[in-house]
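Enquirer: Residues per chain, in single letters:
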Amino acid sequence: MDVTRLIIVAVGGQGNLLSSRVLGEAALLAGIPVRMSEIHGMAQRGGVVESAIVFGDAASSIISDGCADVLVGFEPSETLRALNKCNKNTVVITNMTPLPPFTVAIGRGVYPDLDQLQTLVKEKTARLIAFDAVALAKEAGNVLAVNMVLLGALIQTGILPLTADQIKEAIRTKTKKAFVETNIKAVDLGAAAAAQD
Amino acid sequence: MHKLLTDQPGEKMLLLGNEAIARGAFEAGVAVAATYPGTPSSEISLNLFQMSHESDFYFEYSTNEKVSLEVAAAAANSGVRSFCMMKHVGMNVAADAFMTLAYLGVKGGMVILSADDPFMFSSQNEQDNRYYGKFGGLPLVEPSSVAESKEMVKYAFELSEKLQEPVIFRTTTRINHSNGIVELGSITPPKTKGYIKKDPMNQVPVPAVSRNLHVKLLKNLKLAEEIAAQSEYNFIDGDGELGIICNGVSYGYAKDALKDLKLEDKVKILRIGFSNPLPASLIKDFLKGCTKVLIIEEGEPFMEEAVKAFAFEEKMELTIKGKDETLFSRLYEFDPVMVTKNIAAFFDIAYTPPEVPDLSNVPEIPQRPPNLCAGCSHRASFYIVKQAAQGMDTICPTDIGCYTLGFLPPLSMGDFLICMGASAGASCGFSAATDQKVIAFIGDSTFFHSGIAGLVNAVFNNHNLTLVILDNGTTAMTGHQPNPGVEMEKLGMEGYNRISIKSVVEALGVPKITVIKPFKVKKSIKAVKEALEFKGVSVIISEEVCTLYAKSLKTLKVRPFHITDKCKNHKTCINELACPAFFLKNDRVHIEPDLCVGCAVCAQICPENAILPLKNRE
Numbered sequence: 130m131d132v133t134r135l136i137i138v139a140v141g142g143q144g145n146l147l148s149s150r151v152l153g154e155a156a157l158l159a160g161i162p163v164r165m166s167e168i169h170g171m172a173q174r175g176g177v178v179e180s181a182i183v184f185g186d187a188a189s190s191i192i193s194d195g196c197a198d199v200l201v202g203f204e205p206s207e208t209l210r211a212l213n214k215c216n217k218n219t220v221v222i223t224n225m226t227p228l229p230p231f232t233v234a235i236g237r238g239v240y241p242d243l244d245q246l247q248t249l250v251k252e253k254t255a256r257l258i259a260f261d262a263v264a265l266a267k268e269a270g271n272v273l274a275v276n277m278v279l280l281g282a283l284i285q286t287g288i289l290p291l292t293a294d295q296i297k298e299a300i301r302t303k304t305k306k307a308f309v310e311t312n313i314k315a316v317d318l319g320a321a322a323a324a325q326d
Numbered sequence: 254m255h256k257l258l259t260d261q262p263g264e265k266m267l268l269l270g271n272e273a274i275a276r277g278a279f280e281a282g283v284a285v286a287a288t289y290p291g292t293p294s295s296e297i298s299l300n301l302f303q304m305s306h307e308s309d310f311y312f313e314y315s316t317n318e319k320v321s322l323e324v325a326a327a328a329a330n331s332g333v334r335s336f337c338m339m340k341h342v343g344m345n346v347a348a349d350a351f352m353t354l355a356y357l358g359v360k361g362g363m364v365i366l367s368a369d370d371p372f373m374f375s376s377q378n379e380q381d382n383r384y385y386g387k388f389g390g391l392p393l394v395e396p397s398s399v400a401e402s403k404e405m406v407k408y409a410f411e412l413s414e415k416l417q418e419p420v421i422f423r424t425t426t427r428i429n430h431s432n433g434i435v436e437l438g439s440i441t442p443p444k445t446k447g448y449i450k451k452d453p454m455n456q457v458p459v460p461a462v463s464r465n466l467h468v469k470l471l472k473n474l475k476l477a478e479e480i481a482a483q484s485e486y487n488f489i490d491g492d493g494e495l496g497i498i499c500n501g502v503s504y505g506y507a508k509d510a511l512k513d514l515k516l517e518d519k520v521k522i523l524r525i526g527f528s529n530p531l532p533a534s535l536i537k538d539f540l541k542g543c544t545k546v547l548i549i550e551e552g553e554p555f556m557e558e559a560v561k562a563f564a565f566e567e568k569m570e571l572t573i574k575g576k577d578e579t580l581f582s583r584l585y586e587f588d589p590v591m592v593t594k595n596i597a598a599f600f601d602i603a604y605t606p607p608e609v610p611d612l613s614n615v616p617e618i619p620q621r622p623p624n625l626c627a628g629c630s631h632r633a634s635f636y637i638v639k640q641a642a643q644g645m646d647t648i649c650p651t652d653i654g655c656y657t658l659g660f661l662p663p664l665s666m667g668d669f670l671i672c673m674g675a676s677a678g679a680s681c682g683f684s685a686a687t688d689q690k691v692i693a694f695i696g697d698s699t700f701f702h703s704g705i706a707g708l709v710n711a712v713f714n715n716h717n718l719t720l721v722i723l724d725n726g727t728t729a730m731t732g733h734q735p736n737p738g739v740e741m742e743k744l745g746m747e748g749y750n751r752i753s754i755k756s757v758v759e760a761l762g763v764p765k766i767t768v769i770k771p772f773k774v775k776k777s778i779k780a781v782k783e784a785l786e787f788k789g790v791s792v793i794i795s796e797e798v799c800t801l802y803a804k805s806l807k808t809l810k811v812r813p814f815h816i817t818d819k820c821k822n823h824k825t826c827i828n829e830l831a832c833p834a835f836f837l838k839n840d841r842v843h844i845e846p847d848l849c850v851g852c853a854v855c856a857q858i859c860p861e862n863a864i865l866p867l868k869n870r871e
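Residue numbers (the working numbering), protein chains in the order written: chain A, 130 to 326; chain B, 254 to 871.
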């Protein structure tokens, strides 16, 4: 089967690894070959967490520059930083709520302008889906459900060989029972946001 | 029940490489497992630790890698299966035991796992530990995928028993930290107790004994090579006059590349999974049908040099390349496009690499380096020592742990680092060779690991130095593993003893010992000043539990602070402490209440006393 390559970037604590895990479990349920690689050097200390997920018949578990079919960014400046993974056919989905790195707080860097950021991503890729995932997570009932909102948007694009039902099934069976309802609501809200975009 | 204990052969699970390895050891009936945690190996031991609570096998966090290897060596010599896992540099610590254990051999299967870290995602070097196989004369196996890892661990135990010597299992970060689908196998119940027969003429390597044991080792190496030549883990894919020899994750990249380049019918691959000793006969046969061979291996030209030597022995005329300025580097890790590009170049195939977007008009994105957490006691300790040392010409050796991050501005406390425990030893050298004030930093776990020996040396040789032991009550960096100073009762675990760092330091005869509570800033600065002025060895023990650990134990009392109207914008807080809970808005400092835990260090250094607890928080 065809190979689909997905990169997810986030800041430590945003739940990137859980969303990757849900995708992996959904692929397992669907009988789709999947390999994932994660780099989380000192993620708990505020660093960047990157997951690479390769669906389909390939042996590699990492994704080279220019090879992502879809990029999901949990934080706008991290989305921009990961543009090297994209090409002109890549679909980019990003949360637009900034979490400025500490270097900005102490004046050792300037946070990119959000309008310019969107223009840049649009100009270099096929499609940008950008929205405030934090607001939707809050609407779903848990500010930490940003990861599930973005999963919803990702599934809505139809790029992955997975359905929303398979994702929801993975959420029901593989995430904490107490959050299942909120997480599923978050997925639906994310999907609706992507459909409007 | 821990998911890795599931007794459902045939069930498929999505597992992290490190989980697959832990499961493999469990399926193999491991009886004794010992480790010192180190990324990228840490989740193997974390899972085994958790699994051991619900299972019959014994697991321990040992003081350091050398001890863990000795524990596993003794267990295996008692006839049970033992497993010892560490990060690549841990092998250097364990090397003394390792090199002679190779002579002694084992009775039960023993697997030593070395987790190498190409690109140094979380390490101080990227040494290629395949050379330990060669150095010690022991078999070494290395998987190419997560699923293969589990099977190969079982194979390594069997191989170890067949050869009666330890087997090295080498991984790289992209195996440890990748997920893949793994099919569970049946579980062999462990033989938990063995018996060691006294056999000094084979187990006490005095020179006369060792001379015989070395003969045995070399004989075994020959036998190992014969097994390697037949091993299912050294196999050939495809056919053709063009050849690739590869190992580890490079195999996956090469497979994908041949598919992309439509070369599957023209290029054959020899995948080496049993890589020490290299199977000479198999490799020579492979070379015979080839006109050109490309060696794809991350790290050093371990296989390449051997393959070239084999070709030379057989007087073969063919081109063999690997590490080359125009092909593969000894630096960092490989990736699929890099491998595809090099395969295409070497075999003269047209290839257009994917187009990476032109990023020249993207503004510079602010870096997001890891930082000490909000409420981290290390930040307070560094600030205190820095204030107390004002006016002194200092040199600050540091050590391996979260606190290594203290070298970054604005704390800038950390000038010299080699390896685990070296802060104490290096301090002695700076004391001998300079007139600078030596102030070294070491964490609690690292102190037990290998800092004690350096401190003994400092006392014995009467060096002039201050060692600051940052005791946060856990091995924080690798994920809060226990160490000999940890209160195990807090983790709900019985049957352990706790070793007090202060008692150890006292027993060593350190003439000046100061204990501080770093969240009491002024009092601590005064005490530290006195310790720094002492001529001779002084030790400062800074005691405050790791915030993340306290959070996970649910003992953290969060009490966020905020910046009140009294603030005159000196920015002392943000400029001196750089706590991630601070942020600037319209050039004024604010505190993010969701991040602040209330250590109150900033409140104590604010010249206007403008930082106060946030009341009436929703």
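These aren't lab readings, by the way, just hints derived from the structure by calculation. If you're wondering where the values come from, they're calculated on a predicted model, not measured in any experiment. Where is the CB? At the ideal position from N, CA and C, for every residue including glycine. The reader is advised that the hints may include incorrect statements.
Cross-link-like lysine to aspartate or glutamate pairs, in silico, DMTMM-like; alpha carbons within 20 Å at most [said to hold, decoys possible]:
hint, chain 1, residue 1, chain 2, residue 2
1, B, 515, A, 131
2, A, 251, B, 617
3, B, 512, A, 131
4, B, 594, A, 310
5, A, 217, B, 608
6, A, 253, B, 601
7, B, 512, A, 186
8, B, 512, A, 268
9, B, 515, B, 617
The following residues of chain B were derived to be distant from chain A, with all beta-carbon distances above 10 Å [as the list claims (entries may be wrong)]:
hint, residue
10, 470
11, 483
12, 572
13, 608
14, 672
15, 734
16, 740
Enquirer: Now, for every hint given, state plainly whether the structure supports it.
Expert: Right, here's what the structure says about each hint:
| no. | hint | result |
| --- | --- | --- |
| 1 | 515(B) with 131(A) | holds, 15 Å |
| 2 | 251(A) with 617(B) | holds, 18 Å |
| 3 | 512(B) with 131(A) | holds, 12 Å |
| 4 | 594(B) with 310(A) | violated, 47 Å |
| 5 | 217(A) with 608(B) | holds, 8 Å |
| 6 | 253(A) with 601(B) | violated, 31 Å |
| 7 | 512(B) with 186(A) | holds, 10 Å |
| 8 | 512(B) with 268(A) | violated, 46 Å |
| 9 | 515(B) with 617(B) | violated, 39 Å |
| 10 | 470 | holds, 36 Å |
| 11 | 483 | holds, 24 Å |
| 12 | 572 | holds, 26 Å |
| 13 | 608 | violated, 6 Å |
| 14 | 672 | holds, 18 Å |
| 15 | 734 | holds, 14 Å |
| 16 | 740 | holds, 22 Å |
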